[in-house]
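2 protein chains.
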Amino acid sequence: MRILITGAAGFLGSHLCDRLLSERHEVIGMDNFITGSPDNIAHLADNENFSFYKRDVSNYIFVPGKVDAILHFASPASPNPQSKSGYFNLPIQTMKAGALGTHNCLGIARREGSRFLLASTSEIYGDPEVHPQTESYPGNVDPIGERAVYDEAKRFAESLTMAYHRFHGVNTSIVRIFNTYGPRMDLEDGRALPNLLKQALLGQPLTVYGDGGQTRSFCYVDDLIDGIVKLLYSDEHYPVNIGNQDEMTILQFAEAINKITGNQAGITFMEDARSTRDPQRRQPDITRAREILKWEPKVSLEEGIKRTVPFFKQKLGLA
Amino acid sequence: MRILITGAAGFLGSHLCDRLLSERHEVIGMDNFITGSPDNIAHLADNENFSFYKRDVSNYIFVPGKVDAILHFASPASPNPQSKSGYFNLPIQTMKAGALGTHNCLGIARREGSRFLLASTSEIYGDPEVHPQTESYPGNVDPIGERAVYDEAKRFAESLTMAYHRFHGVNTSIVRIFNTYGPRMDLEDGRALPNLLKQALLGQPLTVYGDGGQTRSFCYVDDLIDGIVKLLYSDEHYPVNIGNQDEMTILQFAEAINKITGNQAGITFMEDARSTRDPQRRQPDITRAREILKWEPKVSLEEGIKRTVPFFKQKLGLA
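Sequences listed follow chains H and P, in order.
Taking our numbering, the leading residue of the first sequence gets 1, the next gets one more, and so forth.
Taking our numbering, the leading residue of the second sequence gets 1001, the next gets one more, and so forth.
These are computed hints drawn from the structure, not numbers from a lab.
Check the hints yourself; a few may be wrong.
[Stated by the list, open to error] Output of the computed footprint for chain P on chain H, the stretches with three or more beta carbons under 8 angstroms from beta carbons of chain P: (1) 97-110; (2) 139-147; (3) 166-180.
[Stated by the list, open to error] Interface residues of chain P toward chain H, partial, derived using beta-carbon atoms under 10 angstroms: (4) 1099; (5) 1127; (6) 1131.
[As the list claims (entries may be wrong)] Estimated spans, in silico, between C-beta atoms of each pair: (7) H/34 <-> P/1062: 34 to 40 angstroms; (8) H/307 <-> P/1082: 55 to 61 angstroms; (9) H/290 <-> P/1062: 51 to 57 angstroms; (10) P/1134 <-> H/48: 57 to 63 angstroms; (11) P/1317 <-> H/64: 37 to 43 angstroms; (12) P/1280 <-> H/130: 56 to 62 angstroms; (13) P/1130 <-> H/134: 17 to 23 angstroms; (14) H/202 <-> P/1140: 40 to 46 angstroms; (15) P/1081 <-> H/292: 25 to 31 angstroms.
Owing to the predicted nature of the structure, the values given are computational and were not obtained by experimental measurement.
Quick reminder that beta carbons are idealized off the backbone N, C-alpha and C, glycines included.
Chain H on its own, in the form it takes in the complex (with noise of 0.2 angstroms):
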């Protein structure tokens, strides 16, 4: 297949690249660099059956040839408002890609009759009021809150993709992904893991907000891809969750990963007086992905820490 992957210089999409490459796709990357970075992709450079567009997907695109298939990973993910290329710094932009960046792909979608694939996320279920979260939860957004530039355009880019199955036969689907971690994320991300893994590879206490007892489940990334590519090739229309069940409170993730990674200095208790409010609890429930795609994960989260020290030492300077 000739495959179409906007946000190919992110953290997932630079993966997705990867896996397409090795099953013999052409793929046609394209990215602004606002959050991907180049280094994410530089070693495909001398691959022939990888091209590259830098491009802002929320302006007009246009893409040469056949594209089989379309993937729209491009948004600003991260939560974390210090960071400069978190959606809390990018909020129009965050918008954008959205609704004008899966507009314009579904528009090359429906001209050139691709699969296409929308990168959704459990942030649609906000808040959510029911543990694990199915498919048909329909979630605890606030559509005003600052978080909400986020949650609401991936809510959007959803009904706007299932609009164009419906009224225009798009072969369309929806991946909702649950947090996930591995080489090549951000370190500045702001999320739990690569906050406490940052700290227990510098040899840090530890940093757990409130008493920890907020609970997260983490998907290796090469599990989450798995996922995303079987998605990809089965004729799916609704949306899936994709990630990890093995929940987990933050205090015993930061114990795990003190362990993991031999930190002997502990952990430290600070008040939670962050204004943006994280999820106190987010799980998928993955019955659909295990009836319709046969997935499930198989990293273990000892296995999938091990598998991104070395990338996370890199970033460091410790390596």
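Place chain P on chain H using the hints.
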């Protein structure tokens, strides 16, 4: 003020034109007539304070000269699956009016320093689990449901509006409009009021679905416009519900219609087999409108229906 109104040839847009012209403002109307009607603004043709551009607000729009205020009312809004101008049959246009249209308007507002007012809707609450709905209720909308093309477009428009306010300092406001009726409404709009009033004026039995226990509250258009104009003149930035709190069951409402119009044909009950389920209940909490805008509805149902009947009779060829 010099005021741009998108959707100026629609039900609410045209009433806004009338009201703002009567207050000596200059009004620039814009509409592409996919759901609005030239009939609604024909009486303004000779008004020297009124100008009109036939434009699709989802495309690039340009307004020469200073713009002091922008009211973005352009959108299909009818939930009738049978109506050619309803959002089920215009799903992409509906999503574009909410995303691209709002983005275009906010761009002008930012450049011109205009007051911006977004026409949002009670539909952002979806099928609510809380009654009455306050502005802080996050809603119950399935992003991939068939109604989502309207609901999510408006939720997105709200998020984008708040992002322009927070990030670019644009002077924005958001009105969440509940069920409204009056002259110039779409008789084929598919909602309970026009359906029942039409039948009553034609001397037919009124069709009530299910047991008629679903509730509605109906606001007369003059009241609604009054609330919107008060919001426009205020400096409020957060969403404000505008609607009538007088909740009644559809059955009570049908009985009232028969009484007001003198229809003797009674009521017919029908099974509710419609595929696109209407919310069972929707009622605004208007505490914020009362406190911030000193607004509340004044027109009784009886009075409102009486003022609406001549328009319906004319449209039905009974006048």
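Quick rundown of the hints versus the structure:
With 4 residues having a Cβ less than 8 angstroms from any Cβ of chain P, the region 97-110 of chain H passes the three-residue criterion, so the hint holds. Counting residues of the region 139-147 of chain H whose CB lies closer than 8 angstroms to any CB of chain P gives 7, so the stated coverage by that chain holds, three being the minimum. For a cut-off of 8 angstroms, the count of residues in the region 166-180 of chain H with a CB near a CB of chain P stands at 4, and the three-residue condition holds. Hint on residue 1099 of chain P holds. Least Cβ distance to chain H is approximately 4 angstroms, under the 10 angstroms limit.
For residue 1127 of chain P, the interface hint holds, the least distance from its beta-carbon to any beta-carbon of chain H being 9 angstroms, beneath 10 angstroms. Taken as an interface hint, residue 1131 of chain P does not check out: its beta carbon lies about 17 angstroms from the nearest beta carbon of chain H, beyond 10 angstroms. For residue 34 of chain H and residue 1062 of chain P, the hinted distance range of 34 to 40 angstroms is not satisfied, since their beta carbons lie about 27 angstroms from each other. The supplied range of 55 to 61 angstroms is met by residue 307 of chain H and residue 1082 of chain P, whose beta-carbon atoms lie about 56 angstroms from each other.
In this structure, residue 290 of chain H and residue 1062 of chain P meet the distance hint of 51 to 57 angstroms, their C-beta atoms being roughly 53 angstroms apart. The supplied range of 57 to 63 angstroms is met by residue 1134 of chain P and residue 48 of chain H, whose beta-carbon atoms lie about 59 angstroms from each other. Roughly 56 angstroms separates the CB atoms of residue 1317 of chain P and residue 64 of chain H, a value that falls outside the hinted 37 to 43 angstroms. Here the CB-CB span from residue 1280 of chain P to residue 130 of chain H is close to 20 angstroms, at odds with the stated 56 to 62 angstroms.
Between residue 1130 of chain P and residue 134 of chain H the CB atoms are about 22 angstroms apart, so this pair conforms to the stated range of 17 to 23 angstroms. Range check, residue 202 of chain H to residue 1140 of chain P: Cβ separation about 44 angstroms, and the 40 to 46 angstroms hint holds. Between residue 1081 of chain P and residue 292 of chain H the Cβ separation comes to about 29 angstroms, which falls inside the hinted range of 25 to 31 angstroms.
Checked against the numbered hints listed earlier, the structure breaks hints 6, 7, 11 and 12; every other hint is satisfied.
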